[in-house]
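Generate coordinates for the entire structure from the input sequences, incorporating the hints supplied.
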Amino acid sequence: MIQLHNVQKIFGRRPAVEDLTLSVPEGEIFGLLGHNGAGKSTAIGMMLGQVWPTQGEVRVCGFDVTTQRQRALQKVGAIFETPVFYDYLSGWRNLEILSHYTAPTSKQRINEVIDWVGLTGREKSNVKTYSHGMRTRLALAQALLPQPKLLILDEPSDGLDPEGIHEMRLTILRLQKEMGLTILLSSHQLKEVELLCTRIAVMNKGRKVFEGAMSSINQAQNWVRLRVNDFAAAVGLLRKNDLITDERDGSFIALAKDSETDQVVRCLVKNNVSVYEIAPHEQDLEEFYLSLMKTDKQPAGEKQPAQPTASQGALP
Amino acid sequence: MLILQLRNELWKLFGKKRTYIGTGMFLLAQVIFIMLLEFGNGPYRSLVSGIKGAGLSVDNYLSNLTVATITLTPTAFFLLPLYVALVGGDLVAKEAEDGTLRMILSRPVSRLRLLLLKWMAGAVFSLALVITLGLFGALFARIFFPTGGLFVFMPLEGIFGSFDGITAWERFAVVHLVMTVEACSIMSMGFMFSCFNIKPAAATILAISFFFISMMMYNMPYFRELREWFIVHHLFVWTNFFRQSIPWPEVGGSLSILAGYNLTFLIIGCAAFQTRDIKS
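Which chain is which? The protein sequence lines are A and B, in order. If you want our numbering, it's the 1-based position in the first sequence plus 47. If you want our numbering, it's the 1-based position in the second sequence plus 381.
Just to be clear, a hint being listed does not mean it is correct.
[Stated by the list, open to error] Simulated crosslink set (EDC-like; lysine to aspartate or glutamate; CA at most 16 Å straight-line):
1) A/Lys252 <-> A/Asp66
2) A/Lys224 <-> A/Glu73
3) B/Lys397 <-> A/Asp134
4) B/Lys398 <-> A/Asp134
5) A/Lys224 <-> A/Asp331
6) A/Lys175 <-> B/Asp479
7) A/Lys238 <-> A/Glu214
8) A/Lys238 <-> A/Asp331
9) A/Lys122 <-> A/Asp111
10) B/Lys397 <-> B/Asp479
11) B/Lys660 <-> A/Glu128
12) A/Lys238 <-> A/Glu333
[Said to hold, decoys possible] Cβ pair distances, simulated, as ranges:
13) A/Thr129 <-> B/Leu644: 31 to 41 Å
14) A/Ser178 <-> B/Lys397: 13 to 23 Å
15) B/Ser661 <-> A/His328: 37 to 47 Å
16) B/Gly641 <-> A/Thr101: 32 to 42 Å
17) A/Leu337 <-> B/Leu644: 51 to 61 Å
Worth flagging that the hints you see were computed from the coordinates, not collected in a lab. For every residue, glycine included, the Cβ atom is placed at its ideal position computed from N, Cα and C.
In structure tokens:
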């Protein structure tokens, strides 16, 4: 659905996006992660033909956005952080205005979408009377009007209360399930991305530092939670026996390839270390993201990814 | 589709209060001028003596059209440029500032088409503003002055004209129609600046500055020989329709030059807008 190939964007002398290659497959909820200023919005701007790439190719729905923007965006809907509308006009009029930039839209279609997002009864009120949540719903409605195949959501949960965030999450899932949309979700809310996305890319300082499936992150490393009477002694023993490769936080060990938890327990018990608990630990996105950022901050010579799979390439 | 999109641009333009602030002030200025001419002792006497001095009948020429034309001149020279520059400067830059432009440009509409729609909306506004002014001036003046002939005296432009009956109304209407070209040209100037990556206020100020600098130079005696090179000389082409005999070659030349100006403003604006990045 979206392909970026060696894309670069330089504002003045400052590179905002460097050598970005990205592929968003059809039917996925794809997360684009990164802190503020990482280059996410610039990348999205290039996908929508709002920002011209300095070099590289951006294709959306099979069309080059730079040369065939109208065809590329025919079936694309987008929502931006803090949705902005013509406040002095009604929600209905806003939808009418925005949808006509794509194609003439029937009143019936506008009604359907208003109903879908739950704004029925308020569509004739001026947008200035809308709450933030209602504006977000209106933004969603305008994105859905052209019956898109691809939805680009740039920080859609920004400024929403916990209830609104939950509602947005359910809506995104419903959109994918009921309409089969491909969704690109740009966010720095890691929990949301973790709950929604099937695949993610992480950007830092304009560069992509990771792209892969969410499942590969959860199982990125064979971490095991270990509770013993003497963690340091246990780690020493396990290292000596080549059963672990790493340890952290005084309670986690990374199993070596081919080693299993029963071998660990046997080794520790044999050496009089009391084992109270041992259980596999799934790494969450936050841990993964933070370790990626930590790795990226290190000087080039010292860079050693905290996770073996956190690399600049794509994971399977 | 084009009509639908233009209608939407007009909804946006005419839906906001900001658009009417200028018009409201304009009408207020006309009301003040007309009331002063009717109730101010000095202005009334001066007007009557002007008509008498020209050897014309006060009964015929002290009319609503004459009074409306008197109020028209200062507003067209000073207020009109101000308000159309404000609207032109807002057309693109205000949407960019508010963030709605980003919403529009996530749609499959070309930037060129969007700008043409906005320019057309600006042109419709210019026409509507001038027609409103003309109608309001003539109708409000009718409350205090009878209908009759049209007497025009603009010494700085060397214009002296008197028209009767239907000709008076024709001249009054044509002047307003041609004044739309003035309004549209200044709006286009504001629109051009608005297409650059600047604030709406900056676009308006640039357009107004351009106009007033041109106006000042046009009125300086040292530049008298260069008058035709200044845009204001052509912007005030409508004054020629108050002459007894219309200088058609001059009118045609000025209108062509203004068409060229409009096209140039539009092309520069489009080029600037096409190449710029739209970011939040």
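Hints and how they fare:
no., hint, result
1, A/Lys252 <-> A/Asp66, "holds, 11 Å"
2, A/Lys224 <-> A/Glu73, "holds, 13 Å"
3, B/Lys397 <-> A/Asp134, "holds, 9 Å"
4, B/Lys398 <-> A/Asp134, "holds, 11 Å"
5, A/Lys224 <-> A/Asp331, "violated, 24 Å"
6, A/Lys175 <-> B/Asp479, "holds, 13 Å"
7, A/Lys238 <-> A/Glu214, "holds, 14 Å"
8, A/Lys238 <-> A/Asp331, "holds, 9 Å"
9, A/Lys122 <-> A/Asp111, "holds, 14 Å"
10, B/Lys397 <-> B/Asp479, "holds, 13 Å"
11, B/Lys660 <-> A/Glu128, "holds, 12 Å"
12, A/Lys238 <-> A/Glu333, "holds, 8 Å"
13, A/Thr129 <-> B/Leu644: 31 to 41 Å, "holds, 38 Å"
14, A/Ser178 <-> B/Lys397: 13 to 23 Å, "holds, 22 Å"
15, B/Ser661 <-> A/His328: 37 to 47 Å, "holds, 39 Å"
16, B/Gly641 <-> A/Thr101: 32 to 42 Å, "holds, 35 Å"
17, A/Leu337 <-> B/Leu644: 51 to 61 Å, "holds, 57 Å"
Comparing the model with each numbered hint stated earlier shows that hint 5 is the single one that does not hold.
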